[in-house]
Amino acid sequence: MSIRVGESAEAATFPKAAKKLLQNTQLRRNVRRATDTIRAKRAKVVEEMPDWQALRTAAQQIKKRTLRDLDTYLVEFEKNCTAAGGKVHWARDADEANAIIIGIIQSHNQKEVIKVKTMTSDETQLNKALEAVGISPWETDLADLIIQLGNDKPSHIVVPALHKNKSEIRQIFLDTMGLKELGHTPEDLAGAARNYLRERFLRVKVGFSGANFAIAETGSVCVVESEGNGRMCVTLPDVLITMFGVEKLIPSFDDLEVFLQLLPRSATGERMNPYNSIWTGVTPGDGPKEFHVILLDNGRTKVLADEESRETLHCIRCAACLNACPVYRQTGGHAYGSIYSGPIGAILTPQLQGMEHSTSLPYASSLCGACYEVCPVKINIPEILIHLRRKIVESGGAALTERMGMAVAGYTLADSGRLATVQKLVQIGRQPLDAIGLPGWSAARDLPEIPTQTFREWWKARGAK
Amino acid sequence: MSTAREEILQRVKAAIGTRAPEEPVAREYSQAGTLSEADKLDLFVSRLEDYNAHVYRCAAGEESATIAEALTARGKTKILIPPGFPAARLPAGPTFIRDTGLDYRDIDATEGALTAATAAIAMTGSLILTHSETEGRRALTLIPDYHLCVVYTSQLSETVPEGLRALAARRTSPVTTIAGPSATADIEMTRVKGVHGPRVLDVIVVSDK
Ligand code: SF4
Numbered sequence: 001m002s003i004r005v006g007e008s009a010e011a012a013t014f015p016k017a018a019k020k021l022l023q024n025t026q027l028r029r030n031v032r033r034a035t036d037t038i039r040a041k042r043a044k045v046v047e048e049m050p051d052w053q054a055l056r057t058a059a060q061q062i063k064k065r066t067l068r069d070l071d072t073y074l075v076e077f078e079k080n081c082t083a084a085g086g087k088v089h090w091a092r093d094a095d096e097a098n099a100i101i102i103g104i105i106q107s108h109n110q111k112e113v114i115k116v117k118t119m120t121s122d123e124t125q126l127n128k129a130l131e132a133v134g135i136s137p138w139e140t141d142l143a144d145l146i147i148q149l150g151n152d153k154p155s156h157i158v159v160p161a162l163h164k165n166k167s168e169i170r171q172i173f174l175d176t177m178g179l180k181e182l183g184h185t186p187e188d189l190a191g192a193a194r195n196y197l198r199e200r201f202l203r204v205k206v207g208f209s210g211a212n213f214a215i216a217e218t219g220s221v222c223v224v225e226s227e228g229n230g231r232m233c234v235t236l237p238d239v240l241i242t243m244f245g246v247e248k249l250i251p252s253f254d255d256l257e258v259f260l261q262l263l264p265r266s267a268t269g270e271r272m273n274p275y276n277s278i279w280t281g282v283t284p285g286d287g288p289k290e291f292h293v294i295l296l297d298n299g300r301t302k303v304l305a306d307e308e309s310r311e312t313l314h315c316i317r318c319a320a321c322l323n324a325c326p327v328y329r330q331t332g333g334h335a336y337g338s339i340y341s342g343p344i345g346a347i348l349t350p351q352l353q354g355m356e357h358s359t360s361l362p363y364a365s366s367l368c369g370a371c372y373e374v375c376p377v378k379i380n381i382p383e384i385l386i387h388l389r390r391k392i393v394e395s396g397g398a399a400l401t402e403r404m405g406m407a408v409a410g411y412t413l414a415d416s417g418r419l420a421t422v423q424k425l426v427q428i429g430r431q432p433l434d435a436i437g438l439p440g441w442s443a444a445r446d447l448p449e450i451p452t453q454t455f456r457e458w459w460k461a462r463g464a465k
Numbered sequence: 001m002s003t004a005r006e007e008i009l010q011r012v013k014a015a016i017g018t019r020a021p022e023e024p025v026a027r028e029y030s031q032a033g034t035l036s037e038a039d040k041l042d043l044f045v046s047r048l049e050d051y052n053a054h055v056y057r058c059a060a061g062e063e064s065a066t067i068a069e070a071l072t073a074r075g076k077t078k079i080l081i082p083p084g085f086p087a088a089r090l091p092a093g094p095t096f097i098r099d100t101g102l103d104y105r106d107i108d109a110t111e112g113a114l115t116a117a118t119a120a121i122a123m124t125g126s127l128i129l130t131h132s133e134t135e136g137r138r139a140l141t142l143i144p145d146y147h148l149c150v151v152y153t154s155q156l157s158e159t160v161p162e163g164l165r166a167l168a169a170r171r172t173s174p175v176t177t178i179a180g181p182s183a184t185a186d187i188e189m190t191r192v193k194g195v196h197g198p199r200v201l202d203v204i205v206v207s208d209k
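First to last, the protein sequences are chains A and B. Just so you know, we're using the working numbering here: the first sequence kicks off at 1 and counts up by one. Just so you know, we're using the working numbering here: the second sequence kicks off at 1 and counts up by one.
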């Protein structure tokens, strides 16, 4: 059985990819501007919550309890969802999940599916599998649409097109939507997406979604979103397929009151996102007539088996750790070679697909702790990174020099002062690093080659904002 | 060969290993609100306005006049209503079409929808619909570009926990929480009003307690 996390097994190592991305100044500017905005918004709405820490603690405890009895909660969810008219499927890995989904769509003789943003389907590369059998997947989340139309890759887990600015998005829409004209404001761009997708929402008979939370007690599923494309996908089609990782369970409906406070404030810096949809099975006269759930393992039980890092599975995919991470903020998401980027990507990807495929990721960090501080479910990411590094060392995964180089990469990327120090070190002579074998590591990963000019520009612009 | 279900459950059990003693969840976060009725209402209105919803306030009994005022202000003359929306609250003038299983394309061709709500949360400016006879099925408040929602102060909670618990018996009905008109933050992380859901949201808050 092979676990696949998007294309990450074939991706370049972090330092190699980061080196290339650091030269893309436009991308870095876009990433910096977007993450600055979101961090400021988050800080403001978190500050107004005197009980924020109590909410984090409760969330952590709920997740811990869920994992402790995950088998029981999965069976309970299955029972309640089935009783409400849903059909529950189980998938061990990506291929099994894709085959189930294709089977459902083909049993209805359909050739199209409308999709709302689903990390797990990126994980299983569902779109590719659908296209291979002649089924067209329509991404409906604005950012996913930008990625799909622009033939690009997601760089952020909440805002996948975060690396694109307004005018780049406008150009993609102009090139692909067959528009005669298009305004320049964000409202114009949102309007274009509305028109482009409206006909598809009304026409397509199969919808596909993920889930932010699945409630064992009631068999309900909850999707958190902003644009209303999620509501469209889970409401209008005749057949709805919802896939999520087994760790998305929460024991009770009341537990939602914790997560629905933590998630929007952490993810988009809003007190509440515009829409949450919660549904239970099938409701006659309202929404889909057929509802399928796919419970996906794809490596999650492997993560669960490691007591020291299983809390990786607590993640609610808010991306606060990405926005806070000094390394992510410099490189953007593509450097992580996985749909899961930033600090959570650095710990999740290697664990899901096996350490041998991503030995560099746990080093893509300076261990500054910013991720832990903002994480709404209190995942101790730095500790898990260290744990994973230890595992890589024990398995002889990465050569010593390589590991050192990568550790330096994480350390220096995180802080301009440190970069200067390392650069000086290198100006004095490459020998210290060369001596420990960095030449074998290739110039492409040789950190001091980061263009200083660009970096200073970056720093200045950052202060000027 | 075992089924995927058996195998995954088996893997989960094996992965959990020896179960640590169950730890209680300390729900030490704020659950009950502390504001006076008047302050709670003010907070609700300001949070709604923060997210670009337009708010009307009126006393019980003034619903139909306020509905008329809101529709006139938006220039709406033909509005969808759920099957059970009370006729007594409908003003004379506009045409109201009861949704008795309309086709989605017909709903798409209408000017907007008028509905009730089940609950509301002041702190987050949220309306909660459980899609009863007075709130309509989900498509009704999703496809049209305009949503006018009537909510009562007796339905208003201060905190998120209070608001979700108010759903009690209706939590396995479809639930939609709405905080402002549809929006996106996907373009440079700035909230832009209006994507696929209704681009305009008006709320009538009726004081009934
Ligand atoms: S690890 Fe924590 S901060 Fe990062 S995405 Fe997951 S929940 Fe959010």
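To be clear, the hints were calculated from the coordinates, so they are not data collected in a lab. All C-beta atoms, glycine included, are put in the ideal place defined by N, C-alpha and C. Please note that a few of the clues may not be correct.
[Stated by the list, open to error] Looking from chain B toward chain A, a few residues come up when the C-beta cut is under 10 Å (computed):
| hint | residue |
| --- | --- |
| 1 | His54 |
| 2 | Val55 |
| 3 | Arg89 |
| 4 | Leu90 |
| 5 | Asp108 |
| 6 | Glu111 |
| 7 | Ser126 |
[Said to hold, decoys possible] Using 30 Å as the maximum straight-line C-alpha spacing, the simulated DSSO-like pairs for lysine-lysine come out as follows:
| hint | chain 1 | residue 1 | chain 2 | residue 2 |
| --- | --- | --- | --- | --- |
| 8 | A | Lys44 | B | Lys13 |
| 9 | B | Lys193 | A | Lys41 |
| 10 | A | Lys20 | A | Lys44 |
| 11 | B | Lys193 | B | Lys13 |
| 12 | B | Lys40 | A | Lys391 |
| 13 | A | Lys378 | B | Lys209 |
| 14 | B | Lys193 | A | Lys87 |
| 15 | A | Lys44 | B | Lys78 |
| 16 | A | Lys180 | B | Lys13 |
| 17 | A | Lys205 | B | Lys40 |
| 18 | A | Lys205 | B | Lys193 |
| 19 | A | Lys79 | B | Lys13 |
| 20 | A | Lys128 | A | Lys378 |
Here is how each hint holds up against the structure:
no.	hint	verdict
1	His54	15 Å, violated
2	Val55	16 Å, violated
3	Arg89	23 Å, violated
4	Leu90	23 Å, violated
5	Asp108	6 Å, holds
6	Glu111	16 Å, violated
7	Ser126	5 Å, holds
8	A:Lys44 - B:Lys13	42 Å, violated
9	B:Lys193 - A:Lys41	17 Å, holds
10	A:Lys20 - A:Lys44	34 Å, violated
11	B:Lys193 - B:Lys13	46 Å, violated
12	B:Lys40 - A:Lys391	53 Å, violated
13	A:Lys378 - B:Lys209	41 Å, violated
14	B:Lys193 - A:Lys87	36 Å, violated
15	A:Lys44 - B:Lys78	41 Å, violated
16	A:Lys180 - B:Lys13	58 Å, violated
17	A:Lys205 - B:Lys40	43 Å, violated
18	A:Lys205 - B:Lys193	28 Å, holds
19	A:Lys79 - B:Lys13	18 Å, holds
20	A:Lys128 - A:Lys378	35 Å, violated
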